[in-house]
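Each protein sequence line maps, in turn, to chains F and S. Numbering of the first sequence is given in the working numbering, commencing with residue 41 and proceeding in unit increments. Numbering of the second sequence is given in the working numbering, commencing with residue 2 and proceeding in unit increments.
Quick caveat, the hints were computed from the structure, so don't treat them as lab data. Careful, some of the hints might be misleading.
[Unchecked claim] Using 27 Å as the maximum straight-line C-alpha spacing, the simulated BS3-like pairs for lysine-lysine come out as follows:
1. Lys52(F) to Lys176(F)
2. Lys52(F) to Lys51(S)
3. Lys75(F) to Lys52(F)
4. Lys216(F) to Lys75(F)
5. Lys51(S) to Lys157(F)
6. Lys180(F) to Lys191(F)
[As the list claims (entries may be wrong)] Here are some of the chain F residues that sit facing chain S, going by a computed Cβ distance under 7 Å:
7. Met43
8. Lys157
9. Val169
10. Ser171
Virtual Cβ for every residue (Gly too), placed ideally from N, Cα, C.
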Amino acid sequence: MGMGQRLALIFKSKANKLLDKHEDPRETLDYSYEKQLELLTKVRRGVADVATSRKRLELQMQQLQGSSDKLQAQAQQAVQAGRDDLAREALTRRAAVNQQIADLSTQHSQLQAEEEKLTNASQRLQAKVDSFRTRKETIKATYTAAEAQTKIGEAMSGISEEMGDVGLAMQRAEDKTQQMQARAGAVDELIASGALDDASAPLGGKDDIQRELDSLSAGSDVELELAKMKGELPAGKAPQAIGSADQQAVPGAQTQPEGEAQK
Amino acid sequence: MIVRILGEGQRTISDGDLDGLNGLDNELIAAVEAGDEDGFGRALAALLDKVRQIGTTLPDDEIVPSDLVLPSADASLAEVRELLGDDGLIPG
Numbered sequence: 041m042g043m044g045q046r047l048a049l050i051f052k053s054k055a056n057k058l059l060d061k062h063e064d065p066r067e068t069l070d071y072s073y074e075k076q077l078e079l080l081t082k083v084r085r086g087v088a089d090v091a092t093s094r095k096r097l098e099l100q101m102q103q104l105q106g107s108s109d110k111l112q113a114q115a116q117q118a119v120q121a122g123r124d125d126l127a128r129e130a131l132t133r134r135a136a137v138n139q140q141i142a143d144l145s146t147q148h149s150q151l152q153a154e155e156e157k158l159t160n161a162s163q164r165l166q167a168k169v170d171s172f173r174t175r176k177e178t179i180k181a182t183y184t185a186a187e188a189q190t191k192i193g194e195a196m197s198g199i200s201e202e203m204g205d206v207g208l209a210m211q212r213a214e215d216k217t218q219q220m221q222a223r224a225g226a227v228d229e230l231i232a233s234g235a236l237d238d239a240s241a242p243l244g245g246k247d248d249i250q251r252e253l254d255s256l257s258a259g260s261d262v263e264l265e266l267a268k269m270k271g272e273l274p275a276g277k278a279p280q281a282i283g284s285a286d287q288q289a290v291p292g293a294q295t296q297p298e299g300e301a302q303k
Numbered sequence: 002m003i004v005r006i007l008g009e010g011q012r013t014i015s016d017g018d019l020d021g022l023n024g025l026d027n028e029l030i031a032a033v034e035a036g037d038e039d040g041f042g043r044a045l046a047a048l049l050d051k052v053r054q055i056g057t058t059l060p061d062d063e064i065v066p067s068d069l070v071l072p073s074a075d076a077s078l079a080e081v082r083e084l085l086g087d088d089g090l091i092p093g
């Protein structure tokens, strides 16, 4: 016997077990209908859960993208300052962050696919549940318990196969969501530990690369200012100037460069 | 003849188109029995493609049991073994 037939039989025997539970097969219809409604609620909740996980992933990807952009800017700044070592460090971290983004992006598409499947499954189930309700009422109104047997048999194995399918889809989506949540938790921890340099960190929470770049630019500002001051001193007089008769010229030379150095 | 692909819903296939499916189904069962993960993936993909190609989607509100139930495209060998071996896995 083929694979498809074997699986079909498994679903059918499941439905038959359900039918055997009640003496009057019509009771099975009501029982099954209740189960269908319960399942519908669960599937809708499942769709919402998957969507929540997906959104969390999207948020993390945005955060990481921010980090990546920031590291890129830092690397450029470091190169301009002639600090290849800092630039290398920034680019190395950026590569690690980008790897995380790529991983999350793969997971994101998987989750999106699960969400779509589950949404479709939920729509199919909804349509079948509605149709089952009509059929159930017709059977109950038209047939005696003995006559109803065959009519119910087909409806029952059809709907219970659908429920089995939806149940499996739910289980898969739940597994995927759980994996994703564990993963998202790990990324949050990484971000919190600073290992991934969270771009959304509050002001003042500067990373080491930024601190060094800041001190670097502060240092070069001082050098610029100094050079400017020296350049504005009258030629040949610089070393002897302090304490001499030329003192009047100094205050003007001191104040002006401060404003210019900020440009 | 009604065929369900798990996670995708049911399709109707005319009896004349069944011959091709049986061969592919046999390859699938052989791969499962041999524990051949690669062969299983290939046979399953081929079988599902064929079903999608020749089948017509059943309306959502129709309630009929399937003659064939096929695993979803991304199912692993282990998952299918579980399905076949333990009907307790199928809820509902």
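To see whether the hints hold, each was checked on the structure:
{"no.": "1", "hint": "Lys52(F) to Lys176(F)", "result": "holds, 19 Å"}
{"no.": "2", "hint": "Lys52(F) to Lys51(S)", "result": "holds, 24 Å"}
{"no.": "3", "hint": "Lys75(F) to Lys52(F)", "result": "holds, 17 Å"}
{"no.": "4", "hint": "Lys216(F) to Lys75(F)", "result": "holds, 24 Å"}
{"no.": "5", "hint": "Lys51(S) to Lys157(F)", "result": "holds, 20 Å"}
{"no.": "6", "hint": "Lys180(F) to Lys191(F)", "result": "holds, 10 Å"}
{"no.": "7", "hint": "Met43", "result": "holds, 5 Å"}
{"no.": "8", "hint": "Lys157", "result": "holds, 5 Å"}
{"no.": "9", "hint": "Val169", "result": "violated, 9 Å"}
{"no.": "10", "hint": "Ser171", "result": "holds, 4 Å"}
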